[in-house]
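Read top to bottom, the protein sequences are chains A and B.
Anchor point for the first sequence: position 70 equals 77 in my numbering, and the numbering is continuous, going up by one each time.
Anchor point for the second sequence: position 288 equals 295 in my numbering, and the numbering is continuous, going up by one each time.
There may be inaccurate statements among the hints.
Identical copies look the same in the list; a pair holds intra-copy or inter-copy alike.
The list that follows gives simulated cross-link-like pairs (lysine-lysine, DSS-like), each with its CA atoms no further than 25 angstroms apart [claimed, not checked]:
| # | residue 1 | residue 2 |
| --- | --- | --- |
| 1 | Lys258 | Lys11 |
| 2 | Lys218 | Lys280 |
| 3 | Lys11 | Lys114 |
| 4 | Lys114 | Lys12 |
| 5 | Lys140 | Lys241 |
| 6 | Lys140 | Lys185 |
| 7 | Lys185 | Lys241 |
| 8 | Lys53 | Lys244 |
| 9 | Lys12 | Lys185 |
| 10 | Lys258 | Lys127 |
| 11 | Lys290 | Lys177 |
| 12 | Lys12 | Lys127 |
| 13 | Lys308 | Lys183 |
| 14 | Lys30 | Lys183 |
| 15 | Lys183 | Lys12 |
These are calculated hints, taken from the structure and not from any lab test.
Since the structure is predicted, the reported quantities are computational estimates derived from the model, not experimental observations.
Number of protein chains: 2
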Amino acid sequence: MAEKKSRVLVIGATGRIGREMVKASLDAGHPTLALARQSAYSDPLKSSLLRSFAEAGAVIITGSLDDYPSLLAAVKLADVVISALPSAQSLEQMMIIHAIREAGCVKRFIPSEFGADPDKVQILNMDHGFYKKKADIRRRIEIEGIPHTYICCNFFMSYLIPSLVQPGAKVPPRDKLKIYGDGSVKAVFVLEADVATFTISTIDDQRTLDKVMYIRPPGNVISMNELVEFWETKIAKELEKTYVSDEELLKSIHDIPFPDNSDLIFIYSAFIKGDHTYFNIDKAGVEASCLYPNVKYTTVKEYLDTLLQEG
Amino acid sequence: MAEKKSRVLVIGATGRIGREMVKASLDAGHPTLALARQSAYSDPLKSSLLRSFAEAGAVIITGSLDDYPSLLAAVKLADVVISALPSAQSLEQMMIIHAIREAGCVKRFIPSEFGADPDKVQILNMDHGFYKKKADIRRRIEIEGIPHTYICCNFFMSYLIPSLVQPGAKVPPRDKLKIYGDGSVKAVFVLEADVATFTISTIDDQRTLDKVMYIRPPGNVISMNELVEFWETKIAKELEKTYVSDEELLKSIHDIPFPDNSDLIFIYSAFIKGDHTYFNIDKAGVEASCLYPNVKYTTVKEYLDTLLQEG
């Protein structure tokens with residue numbers, strides 16, 4: 008008989024990171040369940056995604072967080088629950104925690120974080136509760152004694168890199184650009200698919216039980232100056248740079264109403280405050296690329312190559 | 008955390024015995040999966056049944072034996088697989104066995120038998136392969152080394168009892184009836200819901216691992232003479248009896264084309280040959296009501312009471 012693999016339930020399976028989790032789980036040979044709302048079948052993109060999941064061997068369960076019996080029934084089938092809910096729904100994860108407690112079979116819960124560490128970020132006064140809600144979910148998980156791993160992938164590669172950190176732009180600049188702060192602070196960008204591969208690698212790994220897993224692979228920890236230099240080398244042209252000071256950035260964040268200033272807030276967090284990298288990983292944490300040296304991931308440089316083809 | 012319960016997959020979940028298995032599994036607190044064809048949703052009765060399963064906490068998986076990836080994906084989520092396919096589909100269980108081997112996670116397989124013991128019946132020359140197919144499935148299970156329990160419930164209560172063993176009749180006779188043989192041979196009748204309750208009781212029980220479980224509860228092992236006597240007492244009237252000899256019954260079986268003679272074949276097996284009771288349960292077997300004395304079951308007498316109300 009084949010080795011028994013943990014059964015993985017992905018909640019929020021049709022979302023940007025959820026779909027990658029389903030694929031990575033199937034790729035790793037896990038029996039995989041995807042919870043989808045009935046309404047997903049009326050959405051052409053989502054229904055085609057669900058069909059592709061089913062063809063690849065996933066089991067689609069119709070249900071939602073609003074329908075607790077359906078959520079509980081799904082959780083009862085899972086050894087591992089991965090929440091990939093959008094950040095706006097962070098607090099709805101309280102229902103998942105409740106179901107995990109009631110089901111009693113879940114060996115690992117991965118709550119929806121997939122960003123910076125909510126216990127480390129230094130912008131809690133300006134993010135309108137974005138990280139506070141994620142921290143609250145951590146505390147609830149810990150109080151309930153639910154085995155867990157928190158995944159801090161920092162930024163998704165598709166966020167900010169396609170514009171070279173120029174809010175509002177769709178493609179990287181070819182003439183001039185803004186650099187926030189002095190351009191030396193390092194942020195971290197990881198491709199969604201790689202986040203999923205690293206996440207799935209942790210679920211049966213005792214080394215990551217009840218830990219924070221930071222994803223900081225070499226080649227993905229990068230300052231704005233380095234990013235611009237890579238890009239200039241690729242397009243063989245020097246760009247005109249305007250430096251935006253901390254004070255100017257804070258003034259813009261203050262002057263522009265929320266949520267239109269969200270990108271600026273996250274830029275302030277990552278490139279001024281250094282929220283992705285200002286701290287060393289302590290005993291409560293592990294680093295993904297150290298734990299899983301065989302995982303092939305896309306570096307920022309490689310990702311910039313794909314932008315060059317499109318630009 | 009609550010005790011972890013085996014996850015049960017029922018294949019053939021909308022059928023007569025399958026629906027009882029789903030209910031009994033849910034009643035016993037097992038996470039329960041029901042495999043249903045897409046087409047079941049177009050059938051008003053089946054779709055309403057599936058809806059009631061989902062409301063009671065089962066997870067409905069769309070799939071079928073014809074769609075191997077869907078079958079495999081479902082089996083991978085299960086610790087226990089219960090096949091409740093109709094007898095005509097007995098050999099299609101080879102696909103289930105294949106999926107169980109590939110999935111590698113199934114701790115118990117209950118193939119679809121729910122009749123007399125196919126290794127004990129003495130009518131293999133006249134049943135058109137009915138029991139041979141079930142015996143073939145047993146041999147395949149054993150060759151593949153799949154942990155199993157075979158359930159021999161003999162006859163369902165709803166088979167033959169409502170007519171007092173008068174083929175073709177819809178209600179029990181109130182004037183005269185036929186008795187096959189001398190009326191002293193004992194057969195066994197068990198309510199479908201009770202078969203399911205006993206079956207679900209075995210799935211995490213090491214005493215039934217790789218055994219045949221016979222369901223022969225006191226009050227359900229009965230001869231035609233006893234059955235008629237019970238009925239006569241209930242209706243306070245003596246019936247006129249015609250005794251049909253072995254030879255006469257065999258002649259009828261021979262003269263009537265298959266499958267119209269099926270009831271007579273099963274009557275011959277049970278009430279002439281004594282296929283339900285002619286043997287003692289040996290070391291390869293266990294008896295359900297001895298193992299699970301707390302299971303409340305309906306006796307033949309109690310069942311006859313319900314017929315009286317209708318008659």
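Each hint tested on the structure:
In the homo-oligomer, the alpha carbons of Lys258 and Lys11 never lie at most 25 angstroms apart, since the shortest distance is 56 angstroms inside one protomer and 55 angstroms across protomers. When the C-alpha separation of Lys218 and Lys280 is checked against a cutoff of 25 angstroms, the pair qualifies only within one copy, where the shortest distance is 24 angstroms, while the shortest distance between copies is 67 angstroms. Taking the shortest Cα distances, Lys11 and Lys114 sit within 25 angstroms of each other both inside one copy (14 angstroms) and across copies (11 angstroms). When the C-alpha separation of Lys114 and Lys12 is checked against a cutoff of 25 angstroms, the pair qualifies both within a copy, at 12 angstroms, and between copies, at 14 angstroms.
Taking the closest pair of Cα atoms, Lys140 and Lys241 never come within 25 angstroms of each other, the shortest separation being 40 angstroms inside a single copy and 69 angstroms across copies. Proximity of Lys140 to Lys185 under the C-alpha cut-off of 25 angstroms is found in neither arrangement, the shortest distances being 31 angstroms within a copy and 76 angstroms between copies. Taking identical chains as interchangeable, the C-alpha atoms of Lys185 and Lys241 lie at most 25 angstroms apart only when both belong to the same chain, with a minimum of 18 angstroms there against 95 angstroms between chains. Taking the closest pair of Cα atoms, Lys53 and Lys244 never come within 25 angstroms of each other, the shortest separation being 41 angstroms inside a single copy and 67 angstroms across copies.
Proximity of Lys12 to Lys185 under the C-alpha cut-off of 25 angstroms is found in neither arrangement, the shortest distances being 48 angstroms within a copy and 58 angstroms between copies. With identical chains, the CA atoms of Lys258 and Lys127 are at most 25 angstroms apart within one copy only, with a shortest distance of 23 angstroms there and 88 angstroms across copies. For the homomeric pair Lys290 and Lys177, neither the shortest alpha-carbon distance inside one copy (40 angstroms) nor that between copies (75 angstroms) is at most 25 angstroms. In this assembly of identical chains, Lys12 and Lys127 lie within 25 angstroms of each other by CA distance neither inside one copy nor across copies; the values are 34 angstroms within and 39 angstroms between.
For the homomeric pair Lys308 and Lys183, the shortest alpha-carbon distance inside one copy (20 angstroms) is at most 25 angstroms, but the shortest distance between copies (92 angstroms) is not. Taking CA atoms no more than 25 angstroms apart as the test, Lys30 paired with Lys183 passes in neither setting, with 38 angstroms inside one copy and 68 angstroms between copies. Taking CA atoms no more than 25 angstroms apart as the test, Lys183 paired with Lys12 passes in neither setting, with 51 angstroms inside one copy and 62 angstroms between copies.
The structure fails hints 1, 5, 6, 8, 9, 11, 12, 14 and 15 (numbered hints given earlier, in ascending order).
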